[in-house]
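Just so you know, the sequences run in chain order A and B. The numbers in our numbering rise by one with no breaks, and the one at position 93 of the first sequence is 94. The numbers in our numbering rise by one with no breaks, and the one at position 19 of the second sequence is 29.
If you are wondering where the hints come from, they were derived from the structure by calculation, not from laboratory data. You can trust all of the hints, since none of them are fake.
In silico DSSO-like pairs for lysine-lysine, Cα to Cα no more than 27 Å straight-line:
hint: 1; chain 1: A; residue 1: K4; chain 2: A; residue 2: K111
hint: 2; chain 1: B; residue 1: K67; chain 2: A; residue 2: K108
hint: 3; chain 1: B; residue 1: K67; chain 2: B; residue 2: K88
hint: 4; chain 1: B; residue 1: K88; chain 2: B; residue 2: K24
hint: 5; chain 1: B; residue 1: K88; chain 2: B; residue 2: K21
hint: 6; chain 1: A; residue 1: K4; chain 2: A; residue 2: K108
hint: 7; chain 1: B; residue 1: K67; chain 2: B; residue 2: K24
hint: 8; chain 1: A; residue 1: K108; chain 2: B; residue 2: K21
hint: 9; chain 1: A; residue 1: K4; chain 2: B; residue 2: K67
Every value quoted in this text rests on a predicted model; they were computed, and no experiment measured them.
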Amino acid sequence: DAKTTQPNSMESNEEEPVHLPCNHSTISGTDYIHWYRQLPSQGPEYVIHGLTSNVNNRMASLAIAEDRKSSTLILHRATLRDAAVYYCILRHGETLGAGSYQLTFGKGTKLSVIP
Amino acid sequence: GAGVSQSPRYKVAKRGQDVALRCDPISGHVSLFWYQQALGQGPEFLTYFQNEAQLDKSGLPSDRFFAERPEGSVSTLKIQRTQQEDSAVYLCASSRGLETYNEQFFGPGTRLTVL
Chain A
2 DAKTTQPNSM ESNEEEPVHL PCNHSTISGT DYIHWYRQLP SQGPEYVIHG LTSNVNNRMA
62 SLAIAEDRKS STLILHRATL RDAAVYYCIL RHGETLGAGS YQLTFGKGTK LSVIP
Chain B
11 GAGVSQSPRY KVAKRGQDVA LRCDPISGHV SLFWYQQALG QGPEFLTYFQ NEAQLDKSGL
71 PSDRFFAERP EGSVSTLKIQ RTQQEDSAVY LCASSRGLET YNEQFFGPGT RLTVL
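Model the full structure from these sequences, guided by the hints.
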């Protein structure tokens, strides 16, 4: 599986935008970029995913570089509830047989939000 | 609607005891995944099911671990003769299907402590 690289930690002030980077230089053409986050003492939750075009939903935006070797998760106005570990994950877009379906987490980026 | 539930939320076992961890997926979700999360690490894949069929168990760390989903709904992860290194949070996730576009919905996890 292609690997992702994220900073270990980041800080943001409350109500300011946050840009969480992810590098995936070995991404293949059929890999989708997924983001999950894990709040303290909870299971991970889905945030957003994309393939080539930038994506927006009610939680966040995903900006994907033109060469797809990096992406950025954007939280437009950080709140205290956004303090979590954010995981950038690549998922194969085609059925490749057993072993293709689970999520492969790294260590993620721990986001702290300062009131 | 109800999310993924797991029980118990906390389990303390003496070394050598057997434990059983239960997962109730979202109704109608055919895919079910188990992950293990050590302290300070991202979740790691253990096994997954499509309905009652266990399609991949390559992540199970030893033959002391096994999982079942006999009726294609509730799943149980069993650990025999627990060891201290089994201490972790065990996460269950379900999804509508195995396709990449299906997000995984996680339960809150079961924190297992082996003394």
